[in-house]
Amino acid sequence: MNIYINGTGCVSPLETAIEGRLPSARPLYDNIRLKSAEPDYKQWIDIKMIRRMSRVIKMGVAAAQLSLQEAGISKPEGIITGTAYGCLDDTGVFLTKMINQNEEMLTPTAFIQSTHNTVAGQIALLLECHAYNSTFVHKGFSFEHALIDSIMQLREGKISNILAGAMDELTNHSFNILSRFNLFKHAHAGEGAACFVLSTEKGPNAIAKLKGVSVLYKPESFQEVAADIVGFLAAHNCSQEDVDLVITGRNGDPAGDAWYEHVENKLFSELPVAQFKHLCGEYPTANAFGTWMASRIIASQEVTPAVLFKGNAPTSIKKVLLYNHHDASHHSMILLSIC
Amino acid sequence: MSGNDVWVLGGGVICGIGNNVPECIAAFRQMKPGMTTMQYLTSTHRDSFPVVEVKADNATLAAKAGLPAHISRTALLSAVAVKEAWERAKLGNIREYRVGLVSANTVGGMDKTEHFFAEYLQDNQSGRLRDVVNHECGSITELVADMLGIRHHVSTISTACSSSANAIMYGARLLKNNLVDVVIAGGTDALTRFTLNGFNTLMILDQKACRPFDDTRTGLNLGEGAGYIVMVSDAIAQKMDIQPWCKLTGYANANDAYHQTASSPDGIGNYLAMQQAMEMAGITTEDMSYINLHGTGTLNNDLSEGTAIQRLFGNAVPPASSTKSFTGHTLGASGGIEAVFAALAVKEGYLYPNAQFSHQMKELNFSPVTTFSEGNVINNVMSNSFGFGGNCSSLVFSKEIS
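Listed in order, the protein sequences are those of chains A and B. At the far end of the first sequence sits residue 339, using the working numbering, and the numbering has no gaps. At the far end of the second sequence sits residue 741, using the working numbering, and the numbering has no gaps.
So that you can see chain A by itself, here it is in the shape it has in the complex (with noise of 0.2 Å):
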């Protein structure tokens, strides 16, 4: 069964919601710390509500809306959100009201809006859908496990279409105290959503296939990784030689990339490798942005010099092998092929 594609949105530092691709040079960013470039919300939310949500929401209601709009569906037969941390803001203003005023005189909003389902619920309210609906919060697989669901249930037949997509907000909150985690001394601190319409059956605007998606949990070796690609890779009717372009998850941290650098030399040498956080950022759902960026080459055919970390940009791009990690404990590997 081929599962198609048909539509993508995406929000990030970068101006991809409002233009739909990428950008042909590389940003300069002089700020540690990345934040979405928003589109403007009121052609999707009405304008009482935009008041009221968060960034997270939004931003996912965005990249849902724009890869509906492409995939030319109105209510998707099922809706699947992954986010690692899920509505930080509305999180941390609830828990510092709560705190400051010793438990009282508190008022809903803020609360309500902090369940790591609101995103995922808001958007099946606002399009009115009654479809399945569920939110993976599983850390740096929680947008592959977002995935693999969607995967699942096109395979079982029930359903033909499902917009699966994931989420993750960077607040004032968060980015000081993973700072203290020492996570952004190589790295960019990142945020954004990106949204994927995936179908069994070919749609007018279908951009690439996504073959298929695995996670490695916890790997112990380089040698574990690379053997789990290979073994991918066969999965899915593919060698080593089918693949025409590598996309890792490098973020600059020495000890991190070590794990692409193997992958990238043991079993590509040959092959090209593109790059993806340095325009999003490191975030645990930042291979969201990845896949939509591996799609967006594929169905433009072209690697712009701002993405592309070694080798020549290929000619023809006919699969794409995506490998990311995050914080060395959350590995996954997507395929993605030609329409």
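Simulated from the structure, these hints should not be mistaken for lab results. Please note that the accuracy of each hint is not assured.
List of simulated lysine-lysine pairs, DSS-like, C-alpha gap at most 25 Å [to be verified]:
id, chain 1, residue 1, chain 2, residue 2
1, A, 75, A, 202
2, A, 209, B, 515
3, A, 158, B, 515
4, B, 371, B, 394
Beta-carbon label-pair distances, calculated as ranges [stated by the list, open to error]:
id, chain 1, residue 1, chain 2, residue 2, range
5, B, 485, A, 231, 22 to 28 Å
6, B, 396, A, 181, 25 to 31 Å
7, B, 381, A, 152, 41 to 47 Å
8, A, 313, B, 343, 44 to 50 Å
9, B, 396, A, 157, 48 to 54 Å
10, B, 362, A, 182, 41 to 47 Å
11, A, 105, B, 467, 27 to 33 Å
12, A, 72, B, 516, 28 to 34 Å
To be clear about the criterion: a stretch of chain B counts as covered by chain A if any three or more of its residues have a C-beta under 8 Å from a C-beta of chain A, and this derived list gives those stretches [claimed, not checked]:
id, region
13, 459 to 470
14, 490 to 503
15, 527 to 537
Predicted model only: the values in this text are computed from it and were never measured. Heads up, the beta-carbon is just placed ideally off N, CA and C, and yes, glycines get one too.
For this one, chain A is given, so just place chain B on it according to the hints.
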């Protein structure tokens, strides 16, 4: 056995009425709900709202769990129930299988984050990082997975009060797709000030013991705990000498798409979830032996759920009860805890009582079961879990009819 069956081999529960499955069943048998004044949670609202706490401090739970006492209570509760579930499944060495742990929760390590945040708000360089490192929901699952040596598939779902039911559904799919041999699925949540205050702002906490499906109900009591079932696919079951509790024959998830926190008056999401789960199980309304209600005790939930049940079952509503009248509402854990009760009802022929019921709801034509009984013919049990975000899920557990 048909090729797509999922077998339930065992379950484990820790909650405010017992630290394991037999203790919980004893509490039902003896009609002993678990509501008390808070003993372990510290809150300004201590004397306003009864809660259903697990009757053990973190040091005691840590010793049972085999985890350090300084980590989140959410993880400690999870570990205790997962270990019991695994032991009851009688599968032996966990490292001999491809095991998946799908554990839902809504609060993550919030019990520790609250503590951290009080200091952090004074000075953003203060507060012990140890108290916030496991804030994420996924961290809670990984603490338990790592302790038990589970690596093949470790996942966390958070869909408010329906979280665990969705974890069980996802776990069943992992089995059917042969991604793992065995799945431990369910959920956990510890009581926190964050959730207590959040529910208080919604004005849906009862100041007395909650009265699900009673005409005088005014709200819910928050509880805490964890509950998991162990499932295997038919292919694996064929290879082993197992004595399963029952099968998971149906599941469905639908969205109410009405309001972020309230249920629609006609309970459309509830109706769709129940109807589709029964359709998947291949049973009609007459085949249903018992419904373990979501039954939180709020005005809104019980009316929507009851209305949806009446629409589906008409004048022939099967025996139904809310075990939250004993355990309180354990949020992300409730679907897991109640799945264990539902699976055990099939195995043992139990009907669970609905405590604190005395007044028939005017809008409904049925009332809940109020006494415990065993030895009933229970072929199919439905477990309902509905939550914020419009998330509605129903599971159907069935007896193997040979």
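Residue 396(B) versus residue 181(A) beta-carbon gap, inside 25 to 31 Å or not: Because 29 Å falls inside the window, the suggested range holds.
Coverage of the region 459 to 470 of chain B by chain A (three or more Cβ within 8 Å): holds (count 5)
Beta-carbon spacing of residue 485(B) to residue 231(A) - inside the hinted bounds 22 to 28 Å or not: This hint holds: roughly 23 Å between Cβ atoms.
Agreement of residue 371(B) and residue 394(B) with the hint, judged by alpha carbon distance not exceeding 25 Å: Roughly 14 Å separates the two Cα atoms, so the pair holds.
Residue 362(B) versus residue 182(A) beta-carbon gap, inside 41 to 47 Å or not: holds (45 Å)
Straight-line alpha-carbon gap residue 75(A) to residue 202(A), limit 25 Å: Distance of about 17 Å is within 25 Å: holds.
Whether the CB-CB distance between residue 381(B) and residue 152(A) falls inside 41 to 47 Å: 43 Å Cβ-Cβ, so the 41 to 47 Å window holds.
Coverage assertion for the region 490 to 503 of chain B with respect to chain A, Cβ distance below 8 Å, three residues required: Coverage by chain A holds here, the residue count being 10 at a Cβ distance below 8 Å.
Stated coverage of the region 527 to 537 of chain B by chain A [criterion: 3+ residues, CB within 8 Å]: As far as the region 527 to 537 of chain B goes, the hint holds, because 4 residues have Cβ atoms under 8 Å from chain A.
Agreement of residue 209(A) and residue 515(B) with the hint, judged by alpha carbon distance not exceeding 25 Å: holds (23 Å)
Distance restraint hint 27 to 33 Å, applied to the beta-carbon atoms of residue 105(A) and residue 467(B): Holds - the Cβ-Cβ distance for residue 105(A) and residue 467(B), about 29 Å, lies within 27 to 33 Å.
Status of the given 48 to 54 Å range, CB of residue 157(A) versus CB of residue 396(B): holds (50 Å)
Checked against the numbered hints given earlier, the structure satisfies every one of them.
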